[in-house]
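Visitor: Residue numbers (our numbering), protein chains in the order written: chain P, 21 to 1004; chain A, 421 to 586; chain W, 7 to 434; chain X, -9 to 71.
Just so you know, the hints here were simulated from the structure itself, not pulled from any lab data. Glycine is no exception: its CB is placed at the ideal position from the N, C-alpha and C atoms. Worth double-checking, as some hints may not be accurate.
Stated by the list, open to error - Taking beta-carbon pairs under 8 Å as the criterion, some of the chain P residues facing chain A (in silico): (1) H182; (2) L254; (3) R622; (4) R763; (5) P836.
What the hints assert, rightly or not - Here are the simulated BS3-like cross-link-like pairs (lysine-lysine), alpha carbons at most 25 Å apart as the crow flies: (6) K710(P) - K146(P); (7) K41(W) - K585(P); (8) K585(P) - K178(W); (9) K619(P) - K78(W); (10) K700(P) - K710(P); (11) K1003(P) - K700(P); (12) K78(W) - K41(W); (13) K528(P) - K585(P); (14) K528(P) - K710(P).
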Amino acid sequence: MSAGPERHGTRLRPGPLSFIFDGRRYTGQAGDTAASALLASGVRLLGRSVKYRRARGLFSAGFEEPNALLTVGVRPSVIPNVPASQLVLSEGMVLRSQNRWPTLGFDLASLLQAGGGFFGAGFYYKTFIWPSWRTYEPLVRHLAGLGEAPRACQLPPVAIEHLHCDVLIAGAGPAGLAAARAAARAGARVVLCESEPACGGELEFEPGMIEGRSAAAWVAMTLAELATLGARVLVSTTVVTDDSGEFIAHAEPGGLPGRNTVYHIRPHAMVMAAGAIERPIVFCNNDRPGVMLLGAAERYLARYGAQVGQEAVLFANHDRVYAAAQRLLAGGLRVRAIVDTRAADAPGTDSEVQRLRESLVRSGVECLSAHAVIGAEGGRAVRAARIAPLAGAGARTGRRISCDTILVSGGWSPALNAGLHGSDARRFAPAVGAFVAGSQTDWRRYAGSANGHFDLAAVLQDGHGAGARAAAHAGARGSAGAHPQGSGDAPPRLAPFARSPATGPAEKRQFIDLQNDVTVADLRTALAEGFIDIEHVKRYTTLGIGTEQGRSSTVVGGAILAELKGETLAAVGTSRSRPPYHPVTMQSIAGFHVGAAVKVARRTPLHDWHATHGGMLEPMGLWMRPRYYLASGANPFDAAVAEARRVRAHGGIADGSTLGKLEIAGPDAAAFLDFLYLSKASTIRVGRSKYMVNLREDGCVLDDGLVLRLAHDRFIATTSSGHGTHMLAHFEYYRATDWAGHRVSVTDVTEAWAAIVVAGPHSRAALSQVLGAPWQGRLSQLAHMDFADGQFGGQDLRVLRASFSGELAVELHCRPAMAVPLWEALICAGLEPYGLEALDILRLEKGYLVSSELNGQTTPLDLGMESLVRQGNPCLGRELLDRPAFHEASRPRLVGLRAADGRAQFLAGAQLTTEAAPAQPCGYVTSSAYSPTLGEWLGLALVARDCVSERALLTARDPLRGSDTPVRVVSAVHFDPSSERMKT
Amino acid sequence: MDSSNTCSIARGPARTALEFSAFGGPRPDFIAVSWPTAPGGVIRDELQRPELLHFAPDRWLAPGPTAQVSALLRAAADTGAGVLVDATGKWVELLIAGPGAARLLASAIAVEAVLDRRGCAAVTLFDCPAILARQNDDFVLWVQASYAADFIATAERFRAMLRSGA
Amino acid sequence: MSVAPAAARHYSALALLRARIAGPGYWRPLWTGRKLQPAYDVVVVGAGGHGLATAFHLARDHGIRRVAVLEKRLVGYGNVGRNTTIVRSNYLLPENHYFYEDSLRRWETLSRDLNYNVMYSPRGVVDLALTDDAFPALARRGNAMRLAGIDAELLDLVALERFAPELEPRRKRRFPIVGALLQRRGGTVRHDAVAWGYARAASARGVDIIEDCEVTGVRTAANAATGVETTRGYVQAERIVFATAGHTGTVGTMLGTALPIETHLLQAMVSEPIKPLINSVIVYVSPGNGETYICQSDRGGLVMGGHLDGFPSYTREGQWHRLEDVVQGAVELFPRIGGVKILRQWAGTNDMTMDGSPIMDRLRYDNVFVNAGWCYGGFKAIPASGAAFATFVATGTAPDLIRAYRLSRFATGHMLDEPGQGPFPVRL
Amino acid sequence: MTRIACPFCGPRELREFEFHKTLPTPGAQGAFARTYERVADPALSVEHWQHVAGCRAWLLVHRNPSTGVVFAVELAGEVMP
């Protein structure tokens, strides 16, 4: 489509721009939004409504757009539901209309609208009961939903900036600008956020005079001054919510995700100057393409030189309509009539407005008082407005004025509670016909229309005052100077008017919520069925839950509800708004936590070695650990079996650096550990270690590990890898509370020590070779659970003789810088690495506990630690362990399992049953693995005590995986029960 | 490219690190004249590099202590008011330098607020536990070693984004 | 037979046609605004799901004539209308899975039982395992369910891909998916409809539902409660039922009993509506971020929830940074939804017990009953809870189905700690 | 909810802190009461929190759980609960 003559507007730059809408190529101009370019190209039909699929066009020029939502981009990576009014075009952009099939012009499902009242509020609750909702649901789901579901997302990660300032101001209209200037002049560090790409608010099109200049010149001058005062002005940026005193603002240049920035702003004071949103007046067929907000027409004209139509009827309840009409007339729109709901002698008609009105009449505009537009004619576009007097003859039928556009304005509703959970106080202001801010705090206040100010002079003064007070609250000591003087359009003097009179059937086409097709008839139904509170009405009718978050509908909906209930709007109230203030993309919310970076990964000092030597790294909590090594086998099972076999036959090394290590030091260290562990640490001799378990407050086992006594007053407590962070907090908690005032400290040294496990019959020979002469004698002197400190390569080395494999083994604790050289030396000495999977096999063969036994549901009694419990150490959790339930026969007990036939496989997660009660589990398999050493499947299980006897026969029932395996209860220690291998 | 947003991220040398923990209670007598007692207090060498950082209640970090600092810490431990723990390898030192350093860190935290009237602060940057301090016009930080690789990767991504003027 | 109130209009497609012909005035209020009477057999405090269902069953199953439900604000204004609408019975412990299975069976027929379409949608609930450890834990749970006669399937990656291709289970991820537990009969129910449906059905059976009536105290005499003080005056009651969710702790304080309950916020959020993308309910727990669960409403919005906000609160204002955790999880799970926008967040106040399971017991007095501690699980429990609790209140004996939910279990050690996290509601 | 001012680090974002538990009734004796009983006062909640993303100090926080207003924050142990 041809470009037409070049248009002029505040947001336009010269130069054509082509884009595609529903497969057709159009030409716009640099700076155009999709809305302005399509308007200029004469496109009126832009979407279909959710429920009835009625034809819809542009309704607004801002975020409150309920109708003209587009899908942007090409498949698979599309962005759905982008308001055309917010979307700044770029060359070649591909746009599609939504929610229609097969085409926007002819939508099959629009036949539904013939059902009219049938599909009204509550429809779904009353039917589709037989045979079941599931029968109808797929069709309903496909008819519902607005834009296309994206098949991919190719958005880059967002930029993030954390800002600290004295005063944050949301909104850069006249109030916000005056506030920012006052605060900055007073010496405050100011951040000013404006949702639109340009500052000024309605000053963009309302030609007021401020401080002797045109409004536009004043805006430019103020922005220049703010820049010199060091204020940050962020355009296309909306404060979306308050996160406990930290405001989150999202910048989305061009109205489309792609180059987003998320700001976390921490101000000392906040001014909300978010302006007001024009509200419609509801009449029959007020949803037809061509019915639009009056302010939208002005914005499209001033910003983009775009005409919203040829011939218009204006419909309003206030004085501002006359000045607007004059500007639109001057801009080339033929204004056929102005329909004012107020009586001719209404107090609003002051002399200046009278003069304006007379001049409009002279220009051929018909000016009607005490009249209303009672209906729009036309299907896919407005063809005429039906006008009627509000009283007397002709009030029901009215007369027809042909036009293609009806511009409507029912006043303005302040944008309150920008993302603040709707919890701020608000009060009804009759002169505004809406709610304004109520009581305010020093640190967060409102300015401008939010306080009910609608004439420029008052708005500027209010903004200035709010900015100055906010700066003072933030501690700025300078003078804010005098408030800016200005004059603009006359005060609106509106007379609240929410909807035109209508007959019953016509109320079914009086649309309140355009996106969700909520009509006056729906409100009546809701009331008749007892949904009388505004919150109930919202939930029952879906009023105000659309993508524009009810901006275009909640106040007018409340007013109509008040009318139907015979109450005041003040009494009816409005439903609570919910954050975010603007819908924000999930990618922006996710921040940098996307893809591989979704969660930080912790790496051991050997991480890179594993990665470059075929170690299959897998997450364990935040840690990355090698599960197996590719060189050992192609799949996890084969590799683990080979690695485990190798350790028993020869030897191997494993990375144990993820084990948590807490250094507990001070004169009270031993007593502190006695409190935190089931058995006593104070009996450990220096140079020795001990396997110990921690209890949770309720007596269940929390964690297990070794405790090493380094000195009389110094210990290292190791924790399992997955619990390290939690155990650190646990130790710190009791140090800070019950043990406050005692002389003990807790220091996390997990990362200060790498740990290499060296296990297997060949391990001692390899170690002697690697550690060399200084260690030779000491190694052979180390008894089981002894450790020795020394040096390796000039750095600290601790050799701990402990085994979790049942083999002769040590753990080498070294500084991280030495981990790779030590590891490689061990490899040179003939040892090969093994992974977590093999480690688990080795542990299981020895009956050592893993996380599936320490699952937070087991007590030390369940795990066979009666002797430790009986020692009677009065540790944390000990008292509650005496509760009767923990001693009942139904409590589990840890046992070993083998297949009855010595061959069959059984898996962890299988439930165990007895022959007597085949449907009632008496326990379950906690761990299982194939043991290459014993040549069969082994398991550990928790089984009710009354079902446990040596050689008892149970069934491992695994219906999920289709197996029932007879298993026999055996000792949990499957291999080398006397532990000769690791002790010699 | 905007030169005001450029910065570099450099790993410091691996050095001995000591952590001192006091047992709390009344103001202990170990405190020498130069000991940083205020929250976030730091003592620095002549090049303004932090030598002893008070990063948490009753806790101090000495990254790469000189003989003098070591002696100071040992003397404090000898009074019995606290203990010294060798944390060598726990922290990875990183220097973030250049005109864009503050902006890079602002991708993770409100730097100015966090370091307001203090020499150092314990923080979490891109989900990584760290101790952050100013060093002349630049920033120095000690990240817990297991997080360091991820921290550098995330910081480098933001650095590239800022350099390209996003 | 009590006098059928004018509210009774049977719902059907035919009735809709009739209404269209009859014009306005055909439909009647779902529950009638009757006047508060001075005395009742049972006063139920709280017109949420549990309170309304209990009242309904008291009237329908036990023929108790004088029942009132007193509500501080509006019918269904609390958690019943703030949850993520998920119903399932995939619990590990027998005490829990038999109870929730009873509930799920009731969900299957509830629309017909209430003559109100609550839109039960058995689209399948998928619990993902992200680590090798998690997979056997899911198997343990699933096998326990199967042996109890409850449907459960364990899906490997191939089966998961077939069931939910939109998940792209084999995509390379920071936390790779290893498998899933599927309960096909699990799914969603339109939450508001449950409150309204029960209110309508209870009202039709003569229950007085009184909104804007806050209970401020309990009057007692001789070791029994005699009635409740309300903002509309004193009401005498033979028996009192508290079903006040997040305010149960305060009820305990009112009666001088410290309960093992903390009140926490649980938030939920919804995206803009899009065409169908996610066809089941997906639940997963990732290390460090806690839980994310996501499904798509029939209107097209992606409904998400996660872990608790993290500290006691009655504000119903969810923390944005908790929302970030949930959204990070959702985007990690479905990278394609990165460009879809979040529209609203909201929160409910959850009565978190010290073992994560509910409390259905007497409280201090023989004729005071408390139905609480539903933690995250309250919504899906409503039908079973209402039926069983009504039996308890009417007969004085707790049915087997809920006997394990007694308050004394903490003292005896019979906790029902499904996740094994001990006496702390908040732990990631 | 408002920000928590860590006695050591100064005011930090709420996301840096982790709640642990509500304290039992003052004077509660025995492991059972300390482990299971919670005070439910909508006007005042006394709690233990940790500044996990900062100095890791354990804090004693007095808060109004109905408004989110924080009355006082001190290091745990300085005043025994």
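Visitor: Each hint: holds or not?
Guide: Okay, the hints, checked on the actual structure:
no.: 1; hint: H182; in the structure: holds, 4 Å
no.: 2; hint: L254; in the structure: violated, 14 Å
no.: 3; hint: R622; in the structure: holds, 4 Å
no.: 4; hint: R763; in the structure: holds, 4 Å
no.: 5; hint: P836; in the structure: holds, 4 Å
no.: 6; hint: K710(P) - K146(P); in the structure: violated, 68 Å
no.: 7; hint: K41(W) - K585(P); in the structure: holds, 20 Å
no.: 8; hint: K585(P) - K178(W); in the structure: violated, 57 Å
no.: 9; hint: K619(P) - K78(W); in the structure: violated, 42 Å
no.: 10; hint: K700(P) - K710(P); in the structure: holds, 10 Å
no.: 11; hint: K1003(P) - K700(P); in the structure: holds, 23 Å
no.: 12; hint: K78(W) - K41(W); in the structure: holds, 15 Å
no.: 13; hint: K528(P) - K585(P); in the structure: holds, 18 Å
no.: 14; hint: K528(P) - K710(P); in the structure: violated, 79 Å
Against the hints set out earlier in the document, violations occur for numbers 2, 6, 8, 9, 14.
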